[in-house]
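> Chain residues, written in single-letter form:
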Amino acid sequence: MTEEAYIKRVIEGDVEAFRFLIRKYQHMAFTVAMSVVKDEFAAEDITQEAFIKVFENLKSFRFQSKFSTWLYRIVVNLAFNRLKRSKRKEEYFSGNETDAADTAPDGFDKLKETDRKYYINKTLEQLTPKESLALRLFYLDECSVDEIKNITGWSESNTKVILHRARKNFYAVLGNTLKAEMKTIL
Amino acid sequence: MFLMDIPDNNNDMLKKLLSDSKLEMPFSGFEDRVMHSIRDKVRTEQSINRNINLSWLFFALGTAFGLLLSVIISPATTIWGFPTAKLMLSSYIIGGTLILLFVEQLVTFTLKRKNNTADR
Chain A
1 MTEEAYIKRV IEGDVEAFRF LIRKYQHMAF TVAMSVVKDE FAAEDITQEA FIKVFENLKS
61 FRFQSKFSTW LYRIVVNLAF NRLKRSKRKE EYFSGNETDA ADTAPDGFDK LKETDRKYYI
121 NKTLEQLTPK ESLALRLFYL DECSVDEIKN ITGWSESNTK VILHRARKNF YAVLGNTLKA
181 EMKTIL
Chain B
1001 MFLMDIPDNN NDMLKKLLSD SKLEMPFSGF EDRVMHSIRD KVRTEQSINR NINLSWLFFA
1061 LGTAFGLLLS VIISPATTIW GFPTAKLMLS SYIIGGTLIL LFVEQLVTFT LKRKNNTADR
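Taken in order, these protein sequences are the chains called A and B. Those letters in the first sequence? Residues 1 to 186, per our numbering, in order. Those letters in the second sequence? Residues 1001 to 1120, per our numbering, in order.
If you're looking for bench data, these hints aren't it; they were derived computationally from the structure. From a predicted model like this one, the values you see are computed outputs, not experimental measurements. Certain hints may be false.
[As the list claims (entries may be wrong)] Here are the simulated distance ranges between beta carbons:
id: 1; chain 1: A; residue 1: 60; chain 2: B; residue 2: 1052; range: 18 to 28 Å
id: 2; chain 1: A; residue 1: 14; chain 2: B; residue 2: 1048; range: 17 to 27 Å
id: 3; chain 1: A; residue 1: 60; chain 2: B; residue 2: 1055; range: 26 to 36 Å
id: 4; chain 1: A; residue 1: 118; chain 2: B; residue 2: 1015; range: 13 to 23 Å
id: 5; chain 1: A; residue 1: 2; chain 2: B; residue 2: 1064; range: 45 to 55 Å
Just so you know, even glycine gets a beta-carbon here, dropped at the ideal spot from N, CA and C.
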């Protein structure tokens, strides 16, 4: 059965059909929320709230955009609102772009998968919410610039600028993280 | 340098690197918790709708019963020594005011619920 069919069943009153949508999107919705709030408990809370909102408003979904785009937009709005409310002072990386490399450090791909995953996520944690969100949406979920625009509400040029900065900072932070790690080991 | 200016191999490398950035929901039972909250919401919605319908029903029954009483009771009789004409006048005023207040509240609440449902 297609995703559209499940959505239609939910609209017709089959509450249990909504489980399919939760199962399919919970991890990516959680990842999107984590990109912004950087806290597992807050991200889980936001993901739950987003799914409930989606359920309540499913009748207004017109199938003009992808369901995931709509869901992530709700997650992103809730996450940025939560961030604004918490007013937590976070220190994010703000590197000098000219110093940044534009490739991954040598030998990074030789690391074990679990280690690679750890360093990538640690790197994304140190980027600003907008940068890590843009990177994950563009490279992980393979959203187009247009879809990112719809999800985040940023303008096209702003999206491109954030993505450009995010790529540079990503490599810079990844390099720094690995260097710091090497120092600890040696 | 924007997306279109990025060499393909660099884009592919980022895609490969970031494919490791998907996080798993770390809390077990997330799916069941969301479904539980949703079922609760549906139950609450149904009960609110049932209560609104019951409010309209009892309002209509009460109004009909009041009208019937006012027709049945003869203005010439007395109740515990009081002339019914005076009692009826005061009950009309009180009843009329209450009816208007209830109607206003019920209509406002019903329309609000309908608008909320339509907005979704």
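> Each hint should be assessed against the structure and marked as holding or not.
Hints, one by one, checked against the model:
no. : hint                       : result
1   : 60/A x 1052/B: 18 to 28 Å  : 22 Å, holds
2   : 14/A x 1048/B: 17 to 27 Å  : 21 Å, holds
3   : 60/A x 1055/B: 26 to 36 Å  : 27 Å, holds
4   : 118/A x 1015/B: 13 to 23 Å : 19 Å, holds
5   : 2/A x 1064/B: 45 to 55 Å   : 52 Å, holds
Taken one by one, the earlier hints all hold for this structure without exception.
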